[in-house]
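Asker: Now for the letters of each chain:
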Amino acid sequence: MIQIYQDMKVLCFGIAREIIGNSELLIPNVEIDTVSSLKAYLKSEYPEFNVYKQFQIAVNQEFADDDRPICSRDEIAIIPPVSGG
Amino acid sequence: MIQIYQDMKVLCFGIAREIIGNSELLIPNVEIDTVSSLKAYLKSEYPEFNVYKQFQIAVNQEFADDDRPICSRDEIAIIPPVSGG
Amino acid sequence: MVDKNLDIQLSAETLEISKNYNFVLDEKCGGIDMFVGTVRRWNKDEEITHLDFECYEPMALSELKKIANRAFSQFGLHKISVHHRTGHVGLKDIAVVIAVSAKHRKAAFEGCEFIIDELKKTVPIWKKEFLIDGSHWVNSRP
Amino acid sequence: MVDKNLDIQLSAETLEISKNYNFVLDEKCGGIDMFVGTVRRWNKDEEITHLDFECYEPMALSELKKIANRAFSQFGLHKISVHHRTGHVGLKDIAVVIAVSAKHRKAAFEGCEFIIDELKKTVPIWKKEFLIDGSHWVNSRP
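Protein sequence lines correspond, in order, to chains Y, G, S and A.
In terms of the numbering used here, the first sequence has 60 at position 60, counting the first letter as 1, and numbering is strictly consecutive.
In terms of the numbering used here, the second sequence has 65 at position 65, counting the first letter as 1, and numbering is strictly consecutive.
In terms of the numbering used here, the third sequence has 131 at position 131, counting the first letter as 1, and numbering is strictly consecutive.
In terms of the numbering used here, the fourth sequence has 22 at position 22, counting the first letter as 1, and numbering is strictly consecutive.
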């Protein structure tokens, strides 16, 4: 079975935007199929994420657990620790 | 020993003002020497005070206990149950 | 009665929350809590037309000052502003505004609630409720 | 996002507490509580010059709406107005205003505090603190 991976677009905010250097990250052709595999990818490509407090991932504007499946059609965002108010 | 009693002026607010029919009550020549004797006088002269909830007495702008001595030089006020706010 | 950190006023004029806000705002503080008591049309099944507030002014100011001083020390508040109406107050109009500022929000909430709770217990102010069919002094009814 | 009883706004413009107050004021309610978060000059020993707020707007609106709906049902609130700043916010300026109205004051205090507490936990808004000697994203520091 052949799987075609499309670029996955990830929205970046706050410290994550600064670490990545852009408000959007395009991840090309990599096998990322769950929130936890995305987190592992980000920490390996951007080791600074290991220094700061844990980020969460939002999928379609909802906080998502690590085992949540994701695909390139989802709206995905890195959510560093929030600090509104 | 002869005691001279002066008129005692009592400030009246809220329901007490309406019961007494004036914002000031002058009590002539009566032997009132404590808060409790003032309360007894008011309830006997104005029986309506027995119908409404208990009032307090303030002496010189402080809530006063029943055994507090009072005289005509004090600033005395009838304080019905408060309802500010 | 206004000093540097405390502003207490009994007023026959319409209250404006911006005055309390501007008094307590301070660059040392991150949290302001304000309570505003307004006149509502219904009290249980009774329809209200307006209120009339009467107060024993010098004692009301002195009791409010005592409450404020307890709030300063118990909650570490920075500034306090309390304005209370006297006289005729219509529907939706403001009867009382309490604003407090503190470094952090928890103290602001607790301090503000403390002040209104205590105000309702001890400050010599009386409210007469005027209904469609009558009137009465609140809390006095047997 | 504004409906009859709920007014949620993320705004790049200076916030004004009168807007929140006017939204929640209602003749069915006797108590309004407002929390105002302002920018203070000192955070522990660090001197702040200003803040910069960034937000993930559609998710922030949706999280705020969830919080408001929980507050309506848990505390029986009547109306809720939440305005939060984005962008550059100077000293003493307003970062957030939360106003709620309820029949009685206790619900207003509790509901308002609940909303700001939850906002700080889950709403995707980020605050960068600019100090005399540097800057950092609040809560991100290891």
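Keep in mind that a hint or two might mislead.
[What the hints assert, rightly or not] Here are the simulated DSSO-like cross-link-like pairs (lysine-lysine), alpha carbons at most 27 Å apart as the crow flies:
(1) A:LYS92 x S:LYS28
(2) S:LYS19 x S:LYS120
(3) A:LYS19 x S:LYS106
(4) S:LYS121 x Y:LYS53
(5) G:LYS9 x S:LYS28
(6) G:LYS9 x S:LYS4
(7) A:LYS121 x A:LYS66
(8) S:LYS4 x A:LYS44
[Claimed, not checked] Just a sample of chain A residues kept apart from chain Y, beta carbon distances all over 12 Å, derived:
(9) GLU46
(10) ASP117
(11) LYS128
(12) ARG141
Since the hints were derived computationally from the structure, they do not count as laboratory data.
Note that beta-carbon positions come from the ideal geometry of N, C-alpha and C, so glycine has one too.
Asker: If a hint holds in the structure, say so; if it doesn't, say that too.
Answerer: Hints versus structure:
1. A:LYS92 x S:LYS28: At roughly 9 Å apart (the allowed maximum being 27 Å), LYS28 of chain S and LYS92 of chain A satisfy the hint.
2. S:LYS19 x S:LYS120: holds, 22 Å
3. A:LYS19 x S:LYS106: This hinted pair holds, its Cα atoms lying about 24 Å apart.
4. S:LYS121 x Y:LYS53: Cα-Cα ~48 Å, so violated.
5. G:LYS9 x S:LYS28: violated, 48 Å
6. G:LYS9 x S:LYS4: violated, 36 Å
7. A:LYS121 x A:LYS66: holds, 13 Å
8. S:LYS4 x A:LYS44: Holds, at about 24 Å.
9. GLU46: Check passes; 15 Å lies beyond 12 Å.
10. ASP117: violated, 9 Å
11. LYS128: Nearest chain Y Cβ is 7 Å from LYS128 of chain A, so the label is violated.
12. ARG141: Non-interface label fails for ARG141 of chain A: nearest chain Y Cβ at 7 Å, not farther than 12 Å.
Figure legend: structure checked against the earlier numbered hints; hints not met, in rising order: 4, 5, 6, 10, 11, 12.
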